[in-house]
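*Asks:* What follows is each chain in one-letter form.
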Amino acid sequence: MNKFESFDGLVAPLDRANVDTDQIIPKQFLKSIKRTGFGPNLFDEWRYEDEGQPGQDCSNRPINTDFILNQPRYKGAEVLITRRNFGCGSSREHAPWSLLDFGFKAVIAPSFADIFFNNCFKNGLLPIVLSEENVEVLFQATKSEEDFSLTVNLEGQVISRKGAEDIPFEVDEFRKYCLINGLDDIGLTLKDADAIKAFESQSRQQSPWMFDVIK
Amino acid sequence: MAKTLYDKLWQAHLVKERDDGTALIYIDRHLIHEVTSPQAFEGLRLAGRKPWRIDANIATPDHNVPTTIEAGDEPDSGGASSVSKPAISKRSEITDPISKIQVQTLDDNCEEFGIVEFKVNDTRQGIVHVIGPEQGATLPGMTIVCGDSHTSTHGAYGSLAQGIGTSEVEHVLATQCLIQKKMKNMLIKVDGKLQSGVTAKDVALAIIGRIGTAGGTGHAIEFAGEAIEGLSMEGRMTLCNMAIEGGARSGMIAVDDVTIDYFKGRSYAPKGDLWTQSVAAWREFKSDEGAHFDKVIHLEGSGIAPQVSWGTSPEMVIGIDELLPDPETESDPVKADGMRRAYTYMGMEPGKKMSDVVPDRVFIGSCTNSRIEDLRAAAEIAKDQKVSDKVTQAMVVPGSGLVKKQAEEEGLDQVFIDAGFEWRAPGCSMCLAMNADRLGEGEHCASTSNRNFEGRQGYGGRTHLVSPAMAAAAAIAGHFVDVREVANDE
Chain S
1 MNKFESFDGL
11 VAPLDRANVD
21 TDQIIPKQFL
31 KSIKRTGFGP
41 NLFDEWRYED
51 EGQPGQDCSN
61 RPINTDFILN
71 QPRYKGAEVL
81 ITRRNFGCGS
91 SREHAPWSLL
101 DFGFKAVIAP
111 SFADIFFNNC
121 FKNGLLPIVL
131 SEENVEVLFQ
141 ATKSEEDFSL
151 TVNLEGQVIS
161 RKGAEDIPFE
171 VDEFRKYCLI
181 NGLDDIGLTL
191 KDADAIKAFE
201 SQSRQQSPWM
211 FDVIK
Chain C
1001 MAKTLYDKLW
1011 QAHLVKERDD
1021 GTALIYIDRH
1031 LIHEVTSPQA
1041 FEGLRLAGRK
1051 PWRIDANIAT
1061 PDHNVPTTIE
1071 AGDEPDSGGA
1081 SSVSKPAISK
1091 RSEITDPISK
1101 IQVQTLDDNC
1111 EEFGIVEFKV
1121 NDTRQGIVHV
1131 IGPEQGATLP
1141 GMTIVCGDSH
1151 TSTHGAYGSL
1161 AQGIGTSEVE
1171 HVLATQCLIQ
1181 KKMKNMLIKV
1191 DGKLQSGVTA
1201 KDVALAIIGR
1211 IGTAGGTGHA
1221 IEFAGEAIEG
1231 LSMEGRMTLC
1241 NMAIEGGARS
1251 GMIAVDDVTI
1261 DYFKGRSYAP
1271 KGDLWTQSVA
1281 AWREFKSDEG
1291 AHFDKVIHLE
1301 GSGIAPQVSW
1311 GTSPEMVIGI
1321 DELLPDPETE
1331 SDPVKADGMR
1341 RAYTYMGMEP
1351 GKKMSDVVPD
1361 RVFIGSCTNS
1371 RIEDLRAAAE
1381 IAKDQKVSDK
1391 VTQAMVVPGS
1401 GLVKKQAEEE
1411 GLDQVFIDAG
1421 FEWRAPGCSM
1431 CLAMNADRLG
1441 EGEHCASTSN
1451 RNFEGRQGYG
1461 GRTHLVSPAM
1471 AAAAAIAGHF
1481 VDVREVANDE
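Just so you know, the sequences run in chain order S and C.
The first sequence begins at 1 in the working numbering and counts up one residue at a time.
The second sequence begins at 1001 in the working numbering and counts up one residue at a time.
Among the hints, erroneous ones may be present.
To be verified - The calculated lysine to aspartate or glutamate pairs, modelled on EDC-like cross-linking and capped at a C-alpha distance of 20 Å, are:
#, chain 1, residue 1, chain 2, residue 2
1, S, 191, C, 1017
2, C, 1184, S, 173
3, S, 34, C, 1107
Keep in mind the hints are simulated off the structure, nothing from the lab.
Bear in mind the structure is a predicted one, so any value in this text is a computation, not a measurement.
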């Protein structure tokens, strides 16, 4: 995983609540056995006017010009702002993979679904929870400012924009540490291999029926 | 201090609490399917890692598999139900080359790492959440994970079951643990008795209608109360399956006699002295009297009508006897906006009745409702009836090869076939339409699955979530009906 560094990024507004992971990346693209290449199919059913197929060249597909990410002013956006309960539904990690592959580095919403929220951190995508009021302020700013951009500072846990006060955000200490250092948490967990083994041997004694059965 | 069921499960699997507030939780059982595992196995290979504990894992392909049965292997018409038929020996081959690679990749990975897999033509193959309990591979008191959000299903028997992403699949394979923070406790108590014709599915939908799709976010939900205790194990699985649609990664129900009876004699369940020992341990998995819940919701079981979803989120649901809600009377503007969008997508209008809607297709199946009890309930309605001419296709997709076999032994397959339903081989099928089973653009579907998101069952498809009996009744009537009014006397 790459180290997460502070950045200044263009903001795109997706004014919908309860955006589910089926919308973020539809099922037909989940047949891929890779982690990359999902960007062209991010929000496929909203972005295009036809039904997308895996492996297809998307450059010639009919585009839904009303969809926000198709508007030229949001080209190259790195911050997505959206409404409550973003990422609900399926646990597919293809959702953060496709947001990252498209170019997003952070998603800001009043709330996220648990599994999606967790999946983001595992891939270096930063989900930021702000109050409904603050999210609304950002939505208004994208309307009034042509190239509205934000500085996302994970180290300092603040979002900054020109001519306004910084907005602080919360992030778990461990998750922040992993993001900033680009750490593989499997390696970290394996440092506790002795504790896992000790737990396991105790569990094997207490609940032997859970071991050596499926083979 | 009095503990909740979730507190107990958490405590019993706590390997280590770290200074940063996270904890290492030991995982007893890991279910694997073809869609969310390839990148995890690849990650292991790239890092030169091996699975921590092979026998904690069990795999099966379910999302991509065809459910059509080749001609010549249809059950004989009028055949004696006592004759055991070949379960899924002639399932159609996968024609989609990309799906084929994904299923082959699962086979290859399981072979390479020595993981037990029920392959596509094994009678024990099926939807991962159906085969887990069916085999006794997932048991009470366990921590259970799978790269699939509907893993919450397994909480039905007092376990801590959670859906995880692919990075966590890799993490569990490599370390047998998850890094987590403890969730909050939420209690949903459904008192009283359910009306006849009202099922666990209706309870699940009514709860989601009440709390919303984010109502359980950050919480582990325990379902309790007389109406829940009265549910069969299959019904409890249906309810916990949909905890995730209410935003909760885990749903759970305390262990009782229904739980213990269900697991007796299952393939991988303990036997003899171990059985006695395990039952004594399992009985502890219930909330203590006076345990603290951060959030408590009460519902009156007798007040729940058969439910039908009308929109594009499982919280957009009404009782069959209600009128479609009006966004103009919704005080929350974000919610009202979502409702308007849903009406446009669904091609429907506020104020109308669901009985005006014709389902173009009917799907009975999915990890929510494809167990034997579900098929029995649907067959009871379909017996000696015919699927309406207005319905293009009605299909029944059993949850596993063993459910299929059982249904055939009971003659349910013939009931469905005689009524005009297609009888299929097991898999996820039209719940998410990764295989060839899908809706056409603009088509409405009476579906026993779990998600009515835009395009979920096929590009432009319009899903209405219902119970198996409600789906069967809609297929026969040619429009949604109140199953309480069409009880089949035959």
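*Asks:* Each hint: holds or not?
*Replies:* Hints, verified against the model:
1. S:191 - C:1017: Measuring from Cα to Cα gives roughly 14 Å; hence the hint holds.
2. C:1184 - S:173: Since the Cα atoms of residue 1184 (chain C) and residue 173 (chain S) sit roughly 19 Å apart, the hinted pair holds (cutoff 20 Å).
3. S:34 - C:1107: 17 Å, holds
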